[in-house]
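Build the complex from these two chains, which are given one at a time in their own frames, with help from the hints.
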Amino acid sequence: MRPALGQVRSRPDVLRWGLGAFLGLVLFFMAAPILLIVVNSFNRERYSVFPPPGFSLQWYANILSVPNLGPAAWASFIIAFIVSLLTQCVAVLAAYGLVRFRYRGHQAWRTLFMSPLVVPRVAFGVAAFILFLRLRFVGDLWPFIVVHLLVALPFAVSILSASLVHIPRETEEAAMDLGANPLRMFAEVTLPQMRPALVISTLFSFIISWDQLDTSLFLARPGQTTLPVEMLFFTEQQQDPTLAALSTVLVLASLLLLLIGAAVIRPRELRRFVMRNQTLPEEG
Amino acid sequence: MGIDRREGVPARSYGLIAPATALVLMVFFGSMLGLFAYSFQQFRRGRLIPGFTLDAYARFFGDAYYLEILLTTLRLAATATAVGLLVAYPAAYALNRLRSPRALVPAYIVLFSPMLVSAVVISYGWLLLLSEQGLLSFALRTLHLVDRPVRTIFTFHGVVIAMTHALMPFLVFPILSTLRHVREDLKEAAQDLGANRWRTFRYVTFPLTMPGVIGAAQVAFTLSVSAFAVPALIGGGRVRVLSRQIYADLTGLDFPLAAVGSIVMLLVALGAILISNVLTRRYFEYGAQVR
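Chains as they are written, first to last, in this note's numbering: chain A, 38 to 321; chain B, 769 to 1059.
The shape of chain B in the complex, shown without the other chains (with noise of 0.2 angstroms):
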């Protein structure tokens, strides 16, 4: 039962997995490279000249306006993923201590939700939370809170809950996922050597979670970096991230740009990754302890 290895593998079954790798290695890899040969060549006057220049990358990081970009994005993927973790940490809990089906089900619609439905439609819908003649507003001024319509859109906070939204799924239930797996004997032992419930959860718990919450804001930043309809709608012109810069030189015709742009784009997504390997192998001693 589960997995089972078998001793040396026919030949044969390489071909299982042929299809999978060929449209991998040749679609998409083969188009990374291609977006690598693109970056080196040069654009100039509406015009592209071939041959191999670093030119657009100078034109990317010498360019005060595209360095502010990149933080902008960078910022916003970091406030995002950290209010994302935040909540989803508590609900995540809050939902493996739910038992019934009759419950979890619903709640798992709610929180599956933004997957559901494109990322026009969270938009939309926020747009109309938090516009000035929006929910926020009026609930904020019925509770006389404010005295004056309140304006959410169109800011760096207005996205970030957005983006928030749109987040939740991927942190919820990788979160979920990994509380699950905890083993309850180890919650047990801890509360059997006299440790209260705070103290189990921030000694025991916790710390065997961190692999897998890693992983989950691994994920959601990277998805952060790389938001268009949320960054586009709900921060107008005021929010501008590299995922706009780009498809703006690209439809400009400045392909060399724009596949720096993606590239930068693609690096910061690749350290991502290099970070949480790193805290996970750190947090992964430790839990190798524990158990």
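Just chain A, with the same shape it has in the complex (with noise of 0.2 angstroms):
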């Protein structure tokens, strides 16, 4: 294989091939629980053991009879799809302000919006448990709207950020210049060269809400929980394979999700986004 000019020069041998099968390793170590749990969700035995003596269905029509389960469910999704349009509503503004304007203390602006990335989401789970009680804001399904739109908030801002550096400002400018007002321009220049990360950026929020336990978990109250609770209580108390099928469910619609984003993102630009790596940019 000749190397491209300006490429480093290197001999195909033990390093590659030794590299090439770590990587294989290690992908081989992440794949293997969710496989596995994918098997047990078809064993026939109640007895989670490996490998499992037969084959049956009755595991995946039992996750409908699993008390809680369904309401639990119900708000996950109902909560993660206000987070996740809600965070895009803030995270926009605040990402093209970051971008585009210099801010006294950008520094500070930024990092102000990554902070509940640093802090520990148990402490915030019990910190925001506590103010809501103290205001009485109690009750629905507010409480974690508001705290997953914050857990969201810093990814957000990160990938819209990231994609608002690398459109060219000449664009917006040029918009304005034919005699758009700003609010025009942003709709019908900025907002469509955003799309690839927009739909990332929400898929990822609704999946960060729809997966979220540790704040969930100081918020929840009997008759109000969220899906992960519940599945962490149901784990905790036994472990018969309907948890296995509800997770083969959980990540067959992750994947679906992931799919439709794939789709909705023209080819290109999924390329061109999965090329410059910006899924998890930890800058500042």
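Please note that the accuracy of each hint is not assured.
Per the computed footprint, the stretches of chain B lying under chain A, defined by three or more beta-carbons under 8 angstroms from a beta-carbon of chain A, are [said to hold, decoys possible]:
| # | segment |
| --- | --- |
| 1 | 788-795 |
| 2 | 820-834 |
| 3 | 884-898 |
If the Cβ cut is set under 8 angstroms, some of the chain A residues that face chain B in the computed set are [unchecked claim]:
| # | residue |
| --- | --- |
| 4 | Ala69 |
| 5 | Val127 |
| 6 | Ala165 |
| 7 | Leu220 |
| 8 | Phe223 |
| 9 | Ala224 |
| 10 | Thr227 |
| 11 | Leu228 |
Rather than coming from a laboratory, the hints here were simulated on the basis of the structure. Predicted, not measured: the structure shown is a model, and the values here were computed from it. Ideal placement from N, C-alpha and C gives every residue a C-beta, glycine not left out.
Okay, structure coming up:
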């Protein structure tokens, strides 16, 4: 294989195969638990033994008969849906402000928006619980929504501002020169160019909220829980393969979300996004 | 192109960051303040007695049980982060050398997978893998490395393994990003000066990636300190961590003690940031010399 001009020439040898094998091992190690869950979801026996003795679909049917799971799943969905939308609204504004304008103490603002990332989620959950208790901000789903929004905000701001950096200012200025007011410029020039990042950020915020456990645990009360919390309680009490069936469904749903995201973003945009490796920018 | 800074900022534009700022300040910092306030209250005989006191702090730090929990939590987080780094860095390095998107995308998805599922699912998967009748035990017995079923759940090491899995995306992607930013011409210059691949890596590439690695390690450490599901499910009652204890205290309505525990957790996270900042500054100076 000819190295391209300017690339570091390297011997194709032990190092390359060693690294490749190591990567393969790591990927296997990461896929193994999930694969095992899928395999176990078809287990005939209640007791999780490997190798599984037989095949059955009963646990999938059993999902529906577990108490609390249905309402919790529905609550999680609504919360995640609202969180994903609201987070983008807040984050787009904040990201645009951060990237396009030089505020005094620019770094401080950025650190401020990233701060929920830095604090242990359990501590945040407890603190939020206490705050909402004192404000009597309890009941229904808004406590969860607010907290999840803050948990997702750093990721959204990160992804969106990284994308905005690559959008040429000239396109916006051209639109303004042609007579568009700032709002129209934003809607017709900036936002369309942010599309891949917006889609990814929205999906990511949804997933963060949907899977959020550490904060939800402290906000939950009887009759007002989310799916991960209920699943935690379920797993602590018993480990029959119903959990495996439910987990398999959830994993498939996540993959489906990924596919939807990939379909909405045009292949060329996605390729550019992947190659630029924007998934988890941790700057500042 | 790129970040364009204007001279002077129109006052209106502050409105852009207003919603985010308001949320973060009011809810996030507001709740932290409330946490502090509660930690100075007293909890006696099941009732909350208002007034300023260090009673809760005394109860926390005076109890060997709590101190041991804190120690376990720190040990767990440090071990998981260290193991995670040892696995993630070579993996990121290998990924960096991959050029075809067709191989990259599946690898990305697998590495990203812990973020697609909740911690409960990850823990359950590891329960299946590490239990006595699980896959690991089966594999070890089939290879005749052991002659009895091996139980890795409810042990410290089992929790470390599962946590490492959960930490992978938070380590691999930032390290990969940092590796990508290492300029090729610097490596070429080193090689032109006669360095072999190992010396190039050790004296050029590795130091240049240090800030990114330290940053990733700090995030991973904070996540590990706060982890609830993995230690609770894989550790059972044997591996007791701070998050679990805080939950127990809160459910027992001992708000002051739960608040103290949360503040301790917060201080640990802030300590990690402090240390990572100090270390980064050292390496940043080194990197500036290389540039």
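Hints and how they fare:
Proximity of the segment 788-795 of chain B to chain A, defined as three or more residues with a beta carbon under 8 angstroms from a beta carbon of that chain, is established by the 6 residues found. With a threshold of 8 angstroms between beta carbons, the proposed coverage of the segment 820-834 of chain B by chain A is violated, since 0 of its residues qualify and at least three are required. Coverage of the segment 884-898 of chain B by chain A holds. Counting CB-CB distances below 8 angstroms, 14 residues qualify, and the rule asks for three or more. A cut of 8 angstroms between beta carbons decides the hint on alanine 69 (chain A): the least distance to chain B is about 6 angstroms, and the hint holds.
The interface hint given for valine 127 (chain A) holds, since its Cβ lies 5 angstroms from the closest Cβ of chain B, which is under the 8 angstroms cut-off. Given the 8 angstroms rule on beta carbons, the hint for alanine 165 (chain A) holds: about 5 angstroms separates it from the nearest Cβ of chain B. With its C-beta approaching chain B no nearer than about 12 angstroms, leucine 220 (chain A) sits outside the 8 angstroms limit, and its interface hint is violated. Interface restraint check: phenylalanine 223 (chain A) against chain B, minimum CB-CB distance 10 angstroms, threshold 8 angstroms, status violated.
Because the closest C-beta pair between alanine 224 (chain A) and chain B is about 15 angstroms apart, greater than 8 angstroms, the hint is violated. Interface restraint check: threonine 227 (chain A) against chain B, minimum CB-CB distance 12 angstroms, threshold 8 angstroms, status violated. A hinted interface residue such as leucine 228 (chain A) counts as satisfied when its beta carbon comes closer than 8 angstroms to some beta carbon of chain B; here the least separation is about 14 angstroms, so the hint is violated.
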